[in-house]
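Participant: From just these sequences and the hints, can you work out the full model?
Protein chains in written order, with the numbering used here: chain A, 1 to 116; chain B, 1001 to 1117.
Hints should not be assumed to be uniformly reliable.
What the hints assert, rightly or not - With a Cα cut of at most 27 angstroms, we get these calculated DSSO-like pairs of lysine-lysine:
| hint | chain 1 | residue 1 | chain 2 | residue 2 |
| --- | --- | --- | --- | --- |
| 1 | B | Lys1009 | A | Lys38 |
| 2 | A | Lys38 | B | Lys1022 |
| 3 | B | Lys1022 | B | Lys1009 |
| 4 | A | Lys3 | B | Lys1040 |
| 5 | B | Lys1044 | A | Lys38 |
| 6 | B | Lys1040 | A | Lys38 |
| 7 | A | Lys3 | B | Lys1044 |
| 8 | B | Lys1040 | B | Lys1052 |
| 9 | A | Lys70 | A | Lys115 |
| 10 | A | Lys115 | B | Lys1071 |
| 11 | A | Lys3 | A | Lys115 |
| 12 | B | Lys1041 | A | Lys38 |
| 13 | B | Lys1044 | B | Lys1022 |
| 14 | B | Lys1041 | A | Lys115 |
| 15 | A | Lys70 | B | Lys1052 |
| 16 | B | Lys1052 | B | Lys1022 |
| 17 | B | Lys1040 | B | Lys1009 |
| 18 | B | Lys1052 | B | Lys1019 |
| 19 | B | Lys1036 | B | Lys1071 |
| 20 | B | Lys1044 | B | Lys1067 |
| 21 | A | Lys16 | A | Lys38 |
| 22 | B | Lys1040 | B | Lys1071 |
| 23 | B | Lys1040 | A | Lys115 |
| 24 | B | Lys1041 | A | Lys3 |
| 25 | B | Lys1022 | B | Lys1067 |
| 26 | A | Lys3 | B | Lys1036 |
Stated by the list, open to error - Chain B stretches covered by chain A per the calculated footprint, using a threshold of three residues with CB under 8 angstroms from any CB of chain A:
| hint | region |
| --- | --- |
| 27 | 1031 to 1043 |
| 28 | 1105 to 1111 |
Since the hints were made in silico from the structure, they are not lab data. Backbone N, C-alpha and C define an ideal beta-carbon position, used for all residues, glycine too.
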Amino acid sequence: AQKVTQAQTEISVVEKEDVTLDCVYETRDTTYYLFWYKQPPSGELVFLIRRNSFDEQNEISGRYSWNFQKSTSSFNFTITASQVVDSAVYFCALSATNTNAGKSTFGDGTTLTVKP
Amino acid sequence: DTAVSQTPKYLVTQMGNDKSIKCEQNLGHDTMYWYKQDSKKFLKIMFSYNNKELIINETVPNRFSPKSPDKAHLNLHINSLELGDSAVYFCASSRAWDRGYVDSPLHFGNGTRLTVT
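Facilitator: As structure tokens, then:
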């Protein structure tokens, strides 16, 4: 069975602080993909990044960075110098090649509030 | 040129009524989904269609019936609406999982907020 755990239900920071959103996953598949999605207050769900199980390189995109560690089954997301516009619910998700007909399993989300 | 569009955006109705939500994607994807997001923001998959064929049917009451007339459309019909059906329903699409595109991210519609009174 697949499982994604986002232990932080809510995080509140002040603008310009750095913040890390945790994601821990479980799967028996050796080939799988991890995703982060953002849901701002306007409600839409937006894909941010994908990482496959064979690529443990960290990725940086502007103020966003992702740290994938297979040893700890984690795919954490860091926002540097947070801004009010980063306020959103962030979802981590997992899909595997051999299970669940490709269904993505979502974590319960972390609500990030960035205060001015 | 909206990628995944669903209508209506808001739906307010009374218990016992029947309602439908429509979804269309113009991305050329083979797989489409319905997700339900409850008041706590939890996202749960309801159904998935791959090339018009139902491939995922989670434990959803049979009052919910998806229909896919073609691979670009996936509609959701709900009979005998109940208070507990109030939620935001998201349609999504992705490239075909059965052709190895498990890495394909989901493209979501903007959601339909259903309120049952």
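Participant: Could you run down the list of hints and mark each one as holding or not?
Facilitator: Now for the hints, and whether the structure bears them out:
Between the alpha carbons of Lys1009/B and Lys38/A the distance comes to roughly 19 angstroms, so the proposed pair stays at or under 27 angstroms and holds. Under the criterion of a C-alpha separation no larger than 27 angstroms, the hint pairing Lys38/A with Lys1022/B is consistent with the structure, at around 23 angstroms. With a C-alpha separation of about 10 angstroms, the suggested pairing of Lys1022/B with Lys1009/B holds against the 27 angstroms cut-off. Among the hinted pairs, Lys3/A with Lys1040/B is consistent with the structure: their alpha-carbon atoms are about 18 angstroms apart, no more than 27 angstroms.
A threshold of 27 angstroms between alpha carbons decides the hint, and for Lys1044/B with Lys38/A the separation of about 16 angstroms falls inside it, so the pair holds. Distance check on the hinted pair: Lys1040/B and Lys38/A sit about 15 angstroms apart at the alpha-carbon level, within 27 angstroms; holds. For the hint pairing Lys3/A with Lys1044/B, the CA-to-CA distance comes to about 13 angstroms; that is within 27 angstroms, so the pair holds. Distance restraint check for Lys1040/B and Lys1052/B: the Cα-Cα separation of roughly 31 angstroms exceeds the 27 angstroms cut-off, and the hinted pair is therefore not satisfied.
Straight-line distance between C-alpha atoms of Lys70/A and Lys115/A comes to about 33 angstroms, which puts the hinted pair past the 27 angstroms bound. Proposed proximity of Lys115/A and Lys1071/B is contradicted: the alpha carbons are some 43 angstroms apart, above 27 angstroms. Between Lys3/A and Lys115/A the alpha-carbon distance is near 31 angstroms, which puts this suggested pair outside the 27 angstroms criterion. Distance check on the hinted pair: Lys1041/B and Lys38/A sit about 12 angstroms apart at the alpha-carbon level, within 27 angstroms; holds.
At most 27 angstroms may separate the alpha-carbon atoms for a hinted pair to count; Lys1044/B and Lys1022/B meet this at roughly 18 angstroms. Straight-line distance between C-alpha atoms of Lys1041/B and Lys115/A comes to about 21 angstroms, which keeps the hinted pair within the 27 angstroms bound. At roughly 36 angstroms between alpha-carbon atoms, Lys70/A and Lys1052/B are farther apart than 27 angstroms, so this suggested pair is violated. The suggested pairing of Lys1052/B with Lys1022/B holds, with an alpha-carbon distance near 15 angstroms, which does not exceed 27 angstroms.
Restraint check for Lys1040/B and Lys1009/B: the C-alpha separation of about 19 angstroms stays at or below 27 angstroms, so the hint holds. Using a Cα cut-off of 27 angstroms, the hinted pair Lys1052/B and Lys1019/B holds, with the two alpha carbons roughly 21 angstroms apart. This hinted pair checks out: Lys1036/B and Lys1071/B have alpha carbons roughly 20 angstroms apart, not beyond 27 angstroms. In summary, the hint linking Lys1044/B to Lys1067/B is supported, as the alpha carbons are separated by about 19 angstroms, within the 27 angstroms threshold.
For the suggested pair Lys16/A and Lys38/A, the alpha carbons sit about 19 angstroms apart, so the restraint of at most 27 angstroms is met. Note on Lys1040/B and Lys1071/B: the hinted pairing is violated, with a Cα-Cα distance of about 31 angstroms set against a maximum of 27 angstroms. Our distance criterion of 27 angstroms between C-alpha atoms is met by Lys1040/B and Lys115/A, whose separation comes to about 21 angstroms. Only pairs whose Cα atoms come within 27 angstroms are accepted, and Lys1041/B paired with Lys3/A is accepted, the gap being roughly 17 angstroms.
The straight-line distance between the Cα atoms of Lys1022/B and Lys1067/B is roughly 10 angstroms, inside the 27 angstroms bound, and the hint therefore holds. Distance check on the hinted pair: Lys3/A and Lys1036/B sit about 18 angstroms apart at the alpha-carbon level, within 27 angstroms; holds. Check on the region 1031 to 1043 of chain B: 5 of its residues sit with their Cβ under 8 angstroms from a Cβ of chain A, so the three-residue criterion for coverage holds. Coverage of the region 1105 to 1111 of chain B by chain A holds [criterion: at least 3 residues with CB-CB distance below 8 angstroms; count 6].
Of the hints listed earlier, those the structure fails to meet are numbers 8, 9, 10, 11, 15, 22, in rising order.
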